[in-house]
Amino acid sequence: MDTPVRVILITDGDKVARRAMEYAASRLSLRCISASAGNPTPLSGAELVELIKQAAYDPVLVMVDDKGNPGQGPGETALAYICMHAEIQVLGAIAVASNTRRARGTPVDISVTRDGRVIQAPVDKDGLPDYGRMLLQGDTVDVLRDLHVPVVVGIGDPGKMDGADCLDHGCEVTTKAIMEILSRTLGQVPELYERGGSNATHP
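Residue numbers for the sequence shown follow the numbering used here, beginning at 65 and rising by one.
These aren't lab readings, by the way, just hints derived from the structure by calculation.
We put the CB at the ideal spot given by N, CA and C, even for glycine.
One or more of the hints may lead you astray.
Said to hold, decoys possible - Here are the simulated BS3-like cross-link-like pairs (lysine-lysine), alpha carbons at most 27 Å apart as the crow flies:
# : residue 1 : residue 2
1 : LYS131    : LYS79
2 : LYS131    : LYS189
3 : LYS117    : LYS131
4 : LYS224    : LYS79
5 : LYS79     : LYS189
6 : LYS79     : LYS117
7 : LYS224    : LYS131
8 : LYS224    : LYS189
Unchecked claim - Between beta-carbon pairs, the in silico distance windows are:
#  : residue 1 : residue 2 : range
9  : PRO68     : ALA185    : 27 to 33 Å
10 : TYR121    : ALA150    : 35 to 41 Å
11 : ALA110    : ASN163    : 27 to 33 Å
12 : ARG197    : ALA150    : 31 to 37 Å
13 : ASN163    : PRO254    : 29 to 35 Å
14 : ALA185    : GLU151    : 19 to 25 Å
15 : SER93     : THR67     : 14 to 20 Å
16 : VAL80     : TYR195    : 23 to 29 Å
17 : GLY251    : GLN184    : 19 to 25 Å
18 : GLU111    : ILE183    : 31 to 37 Å
19 : LYS79     : ASN163    : 14 to 20 Å
20 : ALA120    : LEU256    : 16 to 22 Å
21 : PRO68     : GLN252    : 33 to 39 Å
With the hints as extra help, turn the sequences into a complete structure.
Next comes the structure, spelled out in structure tokens:
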């Protein structure tokens, strides 16, 4: 069997999150499956795996989103499928906080706050520490509790957080969350480009 494709999963897929992931991917010379973006996720787990396998190189960023579905929606179903696929190696997941209160939530190994601090606690949608909770609350994160994802990093709303993660600021929070996963699983991170490297999105 070929070497598994290395993947980082992001539990958000709206237009702003997509732009943030694409920008972070270009800064780190990673691939981003732009077709995985959508609110909710427009593709099945099997379709996403086929796109991941077509990527020119890895690691690959993949977005999954439930659009607030209180049960296991399309995003979580796709996430679980990818995690259990023999040809995929999930390096980690970025668990995105939201205002939903219908979800169970998920533990996180660390979180990156809107000001770039790494903390041992969840954050809220605005990227502020949520020390009063044990679990990060989000609408596409519950399934992470039942999967063996090596590193789960919590962040606020990608590309937003009152401007702290916008493109003009280099999507610093999203980029740092990805770098934390790469550092903790691979022991290294790619060179960071201030204005992005080559076009790292696919397809």
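Evaluated hints:
A threshold of 27 Å between alpha carbons decides the hint, and for LYS131 with LYS79 the separation of about 12 Å falls inside it, so the pair holds. For the hint pairing LYS131 with LYS189, the CA-to-CA distance comes to about 15 Å; that is within 27 Å, so the pair holds. For a cut-off of 27 Å, the pair hint linking LYS117 to LYS131 stands: about 26 Å separates their Cα positions. For the suggested pair LYS224 and LYS79, the alpha carbons sit about 11 Å apart, so the restraint of at most 27 Å is met.
Restraint check for LYS79 and LYS189: satisfied, since their Cα atoms lie roughly 16 Å apart, inside the 27 Å limit. Distance hint between LYS79 and LYS117 is fulfilled; the C-alpha atoms sit about 24 Å from each other, no more than 27 Å. Between the alpha carbons of LYS224 and LYS131 the distance comes to roughly 17 Å, so the proposed pair stays at or under 27 Å and holds. Proposed proximity of LYS224 and LYS189 is supported: the alpha carbons are some 9 Å apart, at most 27 Å.
For the pair PRO68 and ALA185, the supplied restraint of 27 to 33 Å holds, since their beta-carbon distance comes to about 32 Å. In this structure the hint that TYR121 and ALA150 lie 35 to 41 Å apart at CB is violated, the actual value being about 20 Å. Between ALA110 and ASN163 the beta carbon distance is about 31 Å. The supplied range of 27 to 33 Å therefore holds. The hinted window of 31 to 37 Å between ARG197 and ALA150 holds, with their beta carbons roughly 35 Å apart.
Taking the beta carbon of each, ASN163 and PRO254 are about 33 Å apart, inside 29 to 35 Å as hinted. Between ALA185 and GLU151 the CB atoms are about 35 Å apart, so this pair departs from the stated range of 19 to 25 Å. A hinted range of 14 to 20 Å holds for the C-beta pair SER93 and THR67, which are about 19 Å apart. In this structure the hint that VAL80 and TYR195 lie 23 to 29 Å apart at CB holds, the actual value being about 26 Å.
Between GLY251 and GLN184 the beta carbon distance is about 21 Å. The supplied range of 19 to 25 Å therefore holds. At roughly 36 Å, the beta carbons of GLU111 and ILE183 sit within the given window of 31 to 37 Å. The given range of 14 to 20 Å is respected by LYS79 and ASN163, whose C-beta atoms sit roughly 18 Å from each other. Evaluation of the 16 to 22 Å hint for ALA120 and LEU256 yields a pass: the beta carbon distance comes to about 20 Å.
PRO68 and GLN252 have their C-beta atoms about 18 Å apart, which leaves the hinted 33 to 39 Å range violated.
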